[in-house]
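Protein chains: 2
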Amino acid sequence: MAEAKSAENTVFIGVKPVMNYVLAVITQFNEGAGNVTLKARGKAISRAVDVAEIVRNRFLQGLAVQNISIGTEEVQGEGGAINVSTIEIVLGKGK
Amino acid sequence: MAEAKSAENTVFIGVKPVMNYVLAVITQFNEGAGNVTLKARGKAISRAVDVAEIVRNRFLQGLAVQNISIGTEEVQGEGGAINVSTIEIVLGKGK
Chain P
2 MAEAKSAENT VFIGVKPVMN YVLAVITQFN EGAGNVTLKA RGKAISRAVD
52 VAEIVRNRFL QGLAVQNISI GTEEVQGEGG AINVSTIEIV LGKGK
Chain W
2 MAEAKSAENT VFIGVKPVMN YVLAVITQFN EGAGNVTLKA RGKAISRAVD
52 VAEIVRNRFL QGLAVQNISI GTEEVQGEGG AINVSTIEIV LGKGK
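Chains as they are written, first to last, in our numbering: chain P, 2 to 96; chain W, 2 to 96.
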């Protein structure tokens with residue numbers, strides 16, 4: 002009870018194995034988060050969906066997908082700016 | 002005016018280059034579709050998001066993302082059934 006938890010917790014999905022992120026999400030819920038936002042871009046978008054589905058189907062069945070949004074970010078690549086797609090998936094306990 | 006268009010049109014996103022699917026989506030809107038659903042699974046999920054973003058930002062600015070849903074499908078692999086994640090993105094003219 003040392004400090005209040007932030008209402009929203011975020012897990013950035015990158016190139017690590019899926020189960021690393023699954024564990025990170027479960028940990029946040031176990032620490033009292035009411036919802037957790039998964040953020041990914043580019044090829045990691047597929048992995049973010051995998052993480053959401055595995056958490057929801059295998060570990061925390063009471064969770065619902067509360068919102069999914071997609072977007073585009075400009076990233077500085079070697080040959081100048083390139084656009085990459087992004088996704089945000091909000092998992093939460095309520096409906 | 003030979004026949005009524007189905008209210009909903011679907012483009013399945015696979016392993017082809019992104020612009021193939023962008024063109025398929027634009028064609029469906031130009032043929033009178035009110036909305037188009039992009040469906041993908043596994044690693045193609047990232048590509049489906051790319052297609053939606055490119056269509057919306059570069060070609061048909063009036064379009065909105067009307068709905069995004071994710072799920073899991075069981076697929077018969079070499080060593081038995083495996084689960085793959087799926088996504089459906091609905092692009093439409095209204096809000």
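Errors might be hidden in some of the hints.
Because identical chains cannot be distinguished in the list, a pair is counted as satisfied if it fits within a single copy or across any two copies.
[Unchecked claim] Straight line, CA to CA, 30 Å or less: simulated DSBU-like cross-link-like pairs of lysine-lysine:
#	residue 1	residue 2
1	K17	K40
2	K94	K17
3	K17	K44
4	K94	K44
Calculated from the structure, these hints are not laboratory results.
Fair warning: this is a prediction, and the values are worked out from it, not measured in the lab.
Homo-oligomer pair classification [K44, K17; C-alpha up to 30 Å]: Close inside one copy (12 Å) and across copies (15 Å); limit 30 Å.
Alpha-carbon proximity between K17 and K40, which holds within one copy, between copies, both or neither at 30 Å: both (14 Å within a copy, 25 Å between copies)
At 30 Å max between alpha carbons, let me know whether K94 reaches K44 within a copy, between copies, both or neither. Close inside one copy (28 Å) and across copies (27 Å); limit 30 Å.
What label fits K94 with K17 when the C-alpha limit is 30 Å: within, between, both, or neither? within (26 Å within a copy, 38 Å between copies)
Violated hints for the displayed structure: none, as all numbered hints are satisfied.
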